[in-house]
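**Student:** These protein sequence lines map, in sequence, to chains W, V and G. If you read the first sequence in my numbering, its first letter stands for residue 165, the second for the next number, and so on. If you read the second sequence in my numbering, its first letter stands for residue 85, the second for the next number, and so on. If you read the third sequence in my numbering, its first letter stands for residue 136, the second for the next number, and so on.
Hints are not guaranteed to be accurate.
[Claimed, not checked] From the structure, some residues in chain V lie toward chain G, with a derived Cβ separation under 8 Å: (1) Q138; (2) N139; (3) G248; (4) V288; (5) D293; (6) V300; (7) A307; (8) S323; (9) T331; (10) I335; (11) K351; (12) S426.
For the record, the hints were derived by calculation from the structure and aren't laboratory data. From the three backbone atoms N, C-alpha and C, an ideal C-beta is built for every residue, glycine too.
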Amino acid sequence: MSDTQTAPPAVTAVDAPGRELPWRAALRWESGLVIVLIATLIFARTQSGDFFTPSTTFYIGLNMGEIAIMALPLMLIVMTGEIDLSVASMLGLSGTIMGYLFEHHWNIYLAMAGALVVGAVGGALNGVLVTRLGLPSIAVTIGTLTLFRGLAEVILGNSTVGGYPASLTKIGVVPIQGTQLSYSVVIFLALAVICAIVLHATPLGRAIFAVGLQSEAAHFAGIRVGRIKFWLYVLSGAVCALAGILFTLKNASARYDAGTGLELNVVAIVLLGGVSIFGGRGSVIGVVLSVVIVGCLQQALTQMHVDAQVQNIVLGGLLLVSVIVPNGGEAVRRIRARTRRRVPA
Amino acid sequence: MVQLRRVAVLATALTVGLTAACSSTTKKASDTGSPTATGVKKGLTVYFIPKDTQNPYEVIADNGGKAALSELGGKVVVSSGTADTAAAQIPSIQAAIQAHADAIVIAGNDPKSLCPSLGQAYSAGIKIVSFDSDVQCPNHLFINQADTKQIGTSEVDLLAKQIGSAGDIAILSAAATATNQNAWIGYMKDQLKTYPNMHLVKTVYGNDDPAMSLTVLQGLLSAYPTLKGIISPTTVGISTAAQYLSTHKDIAKKVTLTGLGLPSQMKPYIHDGTVKAFELWDPGNLGYLAGYAAASLASGSASLTAGTKFTAGKLKEYTVLPAAGDTGPSVVLGPPTVFDASNVDKYNF
Amino acid sequence: MTVITAPLVRRMFRAEGLLRARELAIVIAILVVFVATTINNHAFAEAHSVQQLLTGASLIALLAVGETLVIVTRNVDLSVGSVVGLSAYVVGDVFVHHPHTPAFVGFLLGTAIGAVVGAINGLITTIARVPSLVVTLASLYIVRGIDARIVNGKRIDPVNVPHAFTEVGYKTVLGIPYLAIIVAVIVFVVGYAMRTFRSSRDLYAIGSNPEAATLAGVPAGRRVVSAFTISGALAGFGGALFLAEFATVDATGGTGYELSVIAAVVVGGVAIFGGSGTVLGAALGAVLLNTINQALVASRISSFWNQAVAGALLLAAIAFDRWVGLRVNRRMQTAEGAHRDV
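Start from the sequences, fold in the hints, and give me the full structure.
**Tutor:** Written out as structure tokens, the structure is:
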């Protein structure tokens, strides 16, 4: 099983555009996303009278903030060719820990620190299982998805913990003074900038690209593949814990089932952002654009009273189109080549 | 008529052993307040935010609200998530604020999580009404389907009557965090103290998902072979359990099932003898009352002050009850109806 | 070409022989859980309880069979839960409007709906060469959305489902539930096919080394599409069984099943990156997970522990697999060396 991890990825990736510079591919993707974004805005403008009001920005930020924050470390993990499906469960677990500690008379900031530590430890568990034991990350993180949520359920059961200081829970009610930005979205943007610098302008970033493109080659080039992956999982755990803290404060309550099922939304955003599921390709700007698109689309559809589950048709369709279109040309070329090859035979 | 209704509620409440505190609040409610029958503005927009948009029970309630507002010349917008989570309801509250709705009628998926958003809506001048499942936020009116305590106690009484007030019993609930479920279960436990020979051995949660409900029910039956009765205060739970028992007659012989169910769904099980009796109110009337309450609040013809009276169309007049415990100002729809073989066919919800 | 395929096939056969030990391990695990729980609570071994264990595991086991076919080709199908929901509701809706529809038509219809979704998944995956994780994540959303549109807040009630149909969900033969028999037959038929037919063995070849398989002349695209179609068809059939078992369904039927199914498959010893694993193992994985869930309730442990225990168990199963896998690998390498010498 370990050699399947280091071997060239699946069937479908065999002639993925790996020869192209990763940056260029990403840029092309981003221009596509910009077009989709413009189309979304036009759609929202024509379909919903309430869309271009100042509070829309705030609400989109409020609704997307935590999901967007979790998308950043997940993006880095996916770029190394791995995945983390436990993100939303970690959000729930960290909120639970924070609520539990707060209920037991911990100082609120200490309770938050406790949640972050649990996040990092949970991430480290994923990291150890994936890098040390060489287990497939998709299986490991489905396991921890269940485990983290289960621990949260054991801790809080059917109780809800509230009563946090109003100075903190206001992040769920008001934007940062003088702007229409929610606190969570500002934290996301700050993290995105850091992420972008690290990914696109440091040796570590280049190493992440390299690990995703050719894990074995990266290893022989002296990159400590295991170590990078391990720390990315720790980072993911801690950042998801941060998202859990924000989520808890925003809702002014902690419960074990907070954010159930969000993992698929986070994955969808990362993929829509142009990050290749096989690793080695992606950009922070793509993920940011994807967050904005999904946020605007959901807001507009909600304003149009479209049922949330029916909204999923749009999200799913977008995801599908976003992967088919870039591969479409490739597929046509391949089919043509095959028929040409067949004719003389 | 109204007095009669109140007396009826009071009488039922007393027979099931309601404490003096609650009955005195009812009395207090009727001696203040000014009867305002009319004065509802036309063209009101009311956002109905059910637990989720796909739950048939909630859909019946929403339709009741639509009927109310169409009688009043206003309109209802139904908006919510598809999972029963507070997070999924928040975007709908925001949409209501942005659309400058006059009132929001919400069935809370969580007692506290919605308060920040509802607070925003309130400060934007939107009147807040909760129904079905209350939220623990200030400045709103709760339309209670039936007195919370009364539901809890009457469920236990209903079961006790059928199993001779003795034996092990269990509860099959919805989500572990559901406000209304936990409130009812709390009162069930209180009421059980009056039956020394009945023992609540376990509460299991089926999350209002038939598959999950069946799994936990099966586990329950094998874990507690001596089980005599099950109370399932949720329509999904009771119908799943009834389906299982009706196909496993030997178990049905030993175990008595009751709870809150929709007559339309429970009809076959009443007729084949699997279930003897269960309870519910008309969810359509609940939504209808909530619609009238929301419209009256938005028109200023009703307020949150205890004792305020307002008219709810075909349901006649209602009085706002004062806050008590975790519940703020509220209105009670009426006593729940007990359904059995004699009347189950008369209802179509 | 035979030069390449011959060792490949031989390797697979040997791998399968060793993997039978894996299935034995799950059976032992099931028995251990069962006996331990029975000592604690004798009612756990009563006929009813055992019937419940089988019925409760049937649906996930069925879906796990289809999922196994897809996963051995190094793909994944996340849309199964949504397909169950859609199929269950549509079949129920047909019964509502045409109460005299024969039961078998319901099952056929459900299967057909699933097969169509599965074929679409497979075609997009192979023609556009898009990773199946993305394709089926998208179809998870889309199919659920379509389901929600069709359901539109309604619900299928037990009164509307014909008796002949719901009987399938609860009747027993010699004490064995119909559901369990149906699923067992499917497991053995598919399991036999996977070992016997060339085209099924191709699935393993594609999963263990796609390039080599293509070079060896395996029509990889066609095989992958078939795997997805079968997975979809079984999920659609599962939707009809869902309706038969519960006699009621709304827009949420089957929500979240995808993760339970993948968990069962992984516990059942199917390698998530393809190339190895059996449908019997996957089905047994489903039985084990269900047995543990029921055992927790039967042992009177708070139901709040269910998920935590299931998660820990899943991780243990993956780690155990890895350990066994390493040993098998080592043995296989030595065996292959010996073979070459001959």
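**Student:** Holds or violated: V288 (chain V) as interface residue toward chain G, Cβ cutoff 8 Å?
**Tutor:** holds (6 Å)
**Student:** Could you check if G248 (chain V) really has its C-beta closer than 8 Å to a C-beta on chain G?
**Tutor:** violated (22 Å)
**Student:** Next item in the hint list is D293 (chain V). Is there a CB on chain G closer than 8 Å to its CB?
**Tutor:** holds (6 Å)
**Student:** Given A307 (chain V) as an interface hint, is its Cβ closer than 8 Å to any Cβ of chain G?
**Tutor:** holds (4 Å)
**Student:** Under 8 Å, Cβ to Cβ, is where S426 (chain V) needs to be relative to chain G, so tell me if that hint holds or is violated.
**Tutor:** Because about 19 Å separates S426 (chain V) from the closest Cβ in chain G, which is outside the 8 Å limit, the hint is violated.
**Student:** Tell me if T331 (chain V) is really an interface residue toward chain G, meaning its C-beta lies closer than 8 Å to one of theirs.
**Tutor:** holds (4 Å)
**Student:** With chain G as the partner, please determine if K351 (chain V) meets the hint condition of a C-beta pair closer than 8 Å.
**Tutor:** Nearest chain G Cβ about 6 Å off; hint holds.
**Student:** Please verify that hint: V300 (chain V), Cβ, nearest Cβ of chain G, below 8 Å or not.
**Tutor:** holds (7 Å)
**Student:** Are S323 (chain V) and chain G close enough, Cβ to Cβ, to be under 8 Å, as the hint says?
**Tutor:** Hint on S323 (chain V): holds, closest Cβ of chain G at ~6 Å, below 8 Å.
**Student:** Against chain G, is I335 (chain V) within 8 Å by beta-carbon distance?
**Tutor:** Holds, because the Cβ-Cβ distance from I335 (chain V) to chain G comes to roughly 7 Å (cut-off 8 Å).
**Student:** Under 8 Å is the threshold here; is the Cβ of Q138 (chain V) close enough to any Cβ of chain G for the hint to stand?
**Tutor:** holds (4 Å)
**Student:** Answer holds if the nearest beta-carbon of chain G is closer than 8 Å to that of N139 (chain V); otherwise answer violated.
**Tutor:** holds (7 Å)
Violation of the numbered hints given earlier is confined to hints 3, 12; the remaining hints are satisfied by the structure.
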